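Student: Protein chains in written order, with our numbering: chain A, 1 to 321; chain B, 1 to 178.
Read the hints as simulated data drawn from the structure, not as lab findings.
These numbers were taken from a predicted model, which means no experiment stands behind them.
Fair warning: there could be bad hints in the mix.
Calculated cross-link-like contacts (lysine-lysine; reagent style BS3-like; alpha-carbon spacing at most 30 Å) [to be verified]: (1) A:Lys135 to B:Lys57; (2) B:Lys69 to B:Lys57; (3) B:Lys112 to A:Lys130; (4) B:Lys117 to A:Lys288; (5) B:Lys57 to B:Lys112; (6) A:Lys135 to B:Lys159; (7) B:Lys42 to A:Lys118; (8) A:Lys130 to B:Lys168; (9) A:Lys168 to B:Lys57; (10) B:Lys154 to A:Lys135; (11) B:Lys57 to B:Lys117; (12) B:Lys113 to A:Lys284; (13) A:Lys118 to B:Lys37; (14) B:Lys42 to A:Lys294; (15) B:Lys113 to B:Lys69; (16) B:Lys42 to A:Lys223; (17) A:Lys118 to A:Lys130; (18) B:Lys113 to A:Lys265; (19) A:Lys294 to B:Lys37.
Simulated restraints, written as ranges between beta carbons of each label pair [as the list claims (entries may be wrong)]: (20) B:Lys42 to A:Ala230: 11 to 21 Å; (21) B:Gly65 to A:Glu122: 51 to 61 Å; (22) B:Thr14 to A:Gly141: 52 to 62 Å; (23) A:Ser216 to B:Ala119: 36 to 46 Å.
Reference excerpt, derived from the structure (chain B facing chain A, CB under 7 Å, subset only) [claimed, not checked]: (24) His40; (25) His43; (26) Glu143; (27) His144; (28) Tyr147.
By construction, the Cβ of each residue, glycine as well, lies at the ideal position given by its N, Cα and C atoms.
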Amino acid sequence: MHAAQICKLRCLTAAAAPRTILTSTKSLLCLPVPTASFSSSTTDSKSRQQSYTRASATTLTGPLGVLAASTLAAAAFMGSMSGMEAHAEGMQASSAVPVDKLPPLPFAVDALEPYIDKRTMEIHHDMHHKTYVTKLQAAIGQAPALKGKSLEDLNKAVGTGDIPSDVKTAVRNNGGGHWNHSFFWKVLAPAESKSADYQAAASDDLKKGIEDGWGSLDAFKAKFDEAATAVFGSGWVWLGLDDAGKLVISTTSNQDNPLMKGVVKDAHTPILGLDVWEHAYYLKHQNKRPEYLKSWWHVANWEQVTNNYKMAMAGKSPATA
Amino acid sequence: MDMEMEMACRSLTTQSLPDLPYDYSALEPVISAEIMKLHHSKHHNTYITTLNQSYEKYADAEAKGDVAKMIELQQAIRFNGGGMVMFDFEPPSGELKSAIEQNFGSVEDLSKKFNAKAATVQVLLLLTVDQGLVPLLGVDMWEHAYYLQYNNVKADYLKEIWKVINWKDVASRYSKAQ
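Okay, chain A solo, but in the shape it has when bound (with noise of 0.2 Å):
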């Protein structure tokens, strides 16, 4: 190897190697590279500081064998479990999918076209997402204790103490699967129907807090886009309320979601999402994932997300069934 690339590979690997480096034995593993998201859409230079510091703490351990991945997470917040609170006060929620159940589309799989293709409709939904609800209850199983949490609960649950550390990870990524592509396809529309039409469709409370936010509905969506745009690797965009009542842009890595305030930095209720795993838009637009952002706007279900607003406001969840 050359001395340039040795240099290379210094530079590149030593964030995540330990410092001492066992050369006695001339073993081999088998390595995850770990997954990282530096973008978090906030401009706080300290958390990613943060996020920064613990890729370098990462150590692998042991002369050989296959290693777990680390999965940069970004730092804990414990906040108020406002969900929980309103069900609590007798509220009505919204209609929440159950944990054991494939939702079905609320639409036919074409019905996106040509913004969302069919065929990319029907593997999201009937393989990935339906694969994600399987494994939660294959982990379920094995956790006893899980038994009868909402997939809501389950979601706010992950990060703390409540989740057995043997799937703690499955619950992670296959309950926040689940919820997320419930939610997801609440969240879309025909482009022709009403529900998509920003004017006919949003409120005035929603229209306001957009342009309180953002100036206008455009240049909300050029703050979301770029959002969309640095998320390295897979991951979601999300708007929501917060704790404050103000409406923020916020993405999360894998199936994280803001629900999850155990491991999430931006933690709030969700009202609008998209996917933006290269799975949610490689059959039509490959590597252009600016092409996918443009186009799915034409199918965003306004009627949906001013009613995830209406009930954010009210401290309850938005709909995912």
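With the hints as your guide, set chain B onto chain A.
Tutor: Same frame as chain A, now just chain B:
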């Protein structure tokens, strides 16, 4: 900041997209020409462009003494540079075979163990020497690496990919790492 890393990053130069050592269709039917073309001319190319931009910004930030910016860019350099190192990988006998047998039992056992792990990984799984300083083999687990052909059936992609691993190059990396 890690002094070694800082020194190393200062000396990084502009990268360019290396040619593939074979035609886009050479890995058919395991990996389609369409995927190879997108993967190389778009994804890989974007990593290099973004990496070069990050280098420029890094040099800028360094000149201004903007440490926060430098740290932020380290991430971009690591990810996009990582993309480059992944792809410069070129797809067992002798020493390598012995090492594989010693650590895993057989090449087949290695592929089983590797695949079990790869199915859970989002980005890349490496076969490495020691603590990960010298990667020998990598399999891209980003969805773009297989989606057009295999959709969400990762297991099929992982089964097939072992047919196109360039063991000669894995072996040469292994012996250089000794």
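Student: Report the numbers of all earlier hints that the structure fails to satisfy, in ascending order.
Tutor: 1, 5, 8, 9, 11, 12, 15, 18 and 24
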